Amino acid sequence: MAKMEEGYFDEKRGLALEHVDGAANDLAEAKASIAALGYNSPALVEAAKVHDAFRGVTSAVRSARRDYEKARWAAADLNPPISFEEWLTKHGYDDLLN
2 MAKMEEGYFD EKRGLALEHV DGAANDLAEA KASIAALGYN SPALVEAAKV
52 HDAFRGVTSA VRSARRDYEK ARWAAADLNP PISFEEWLTK HGYDDLLN
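Just so we're aligned, residue 2 is where the sequence shown starts under the working numbering, counting upward by one.
Please note: incorrect hints may appear among the correct ones.
What the hints assert, rightly or not - Pairs of lysine to any residue residues, derived as SDA-like cross-links and limited to a Cα-Cα distance of at most 25 Å, are as follows:
id: 1; residue 1: 91; residue 2: 32
id: 2; residue 1: 50; residue 2: 64
id: 3; residue 1: 4; residue 2: 18
id: 4; residue 1: 4; residue 2: 25
id: 5; residue 1: 4; residue 2: 82
id: 6; residue 1: 32; residue 2: 50
Simulated from the structure, these hints should not be mistaken for lab results. In this text, all values refer to a predicted model and were calculated from it rather than measured experimentally.
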């Protein structure tokens, strides 16, 4: 199988980068909230906001990993061709299946 179209590769690479940026922003938000936490004033930081930011990081990192692997899969010269799910399994990324 020949490589996939370069446009698909570019799209997935771009999405991976966007997800990395999103994770970095969420992580910075969580870091700032934690830094603002005071021993004598722990209520100043809304715990839900911190946990939401961490959930956003987790989701964005998973999406970045999947799109990164889709870009690698698209650029690979596979013979015989394999599905994306087979690609993930072959490379040991079963945690990214569905």
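(request) Verify the proposed pairing of residue 50 with residue 64, using a straight-line Cα cut of 25 Å. (result) At roughly 21 Å apart (the allowed maximum being 25 Å), residue 64 and residue 50 satisfy the hint.
(request) Could you grab the alpha-carbon distance between residue 32 and residue 50 and see if it respects the 25 Å cut-off? (result) 11 Å, holds
(request) Take a quick look at whether residue 91 and residue 32 sit within 25 Å of each other, Cα to Cα. (result) Distance of about 36 Å is beyond 25 Å: violated.
(request) Take the C-alpha atoms of residue 4 and residue 25, compute the straight-line distance between them, and say whether it is at most 25 Å. (result) 31 Å, violated
(message) Given the hinted pair residue 4 and residue 82, is their Cα-Cα distance within 25 Å?
(response) 10 Å, holds
(message) Can you confirm whether the C-alpha distance between residue 4 and residue 18 stays at or below 25 Å?
(response) 21 Å, holds
Checked against the numbered hints listed earlier, the structure breaks hints 1 and 4; every other hint is satisfied.
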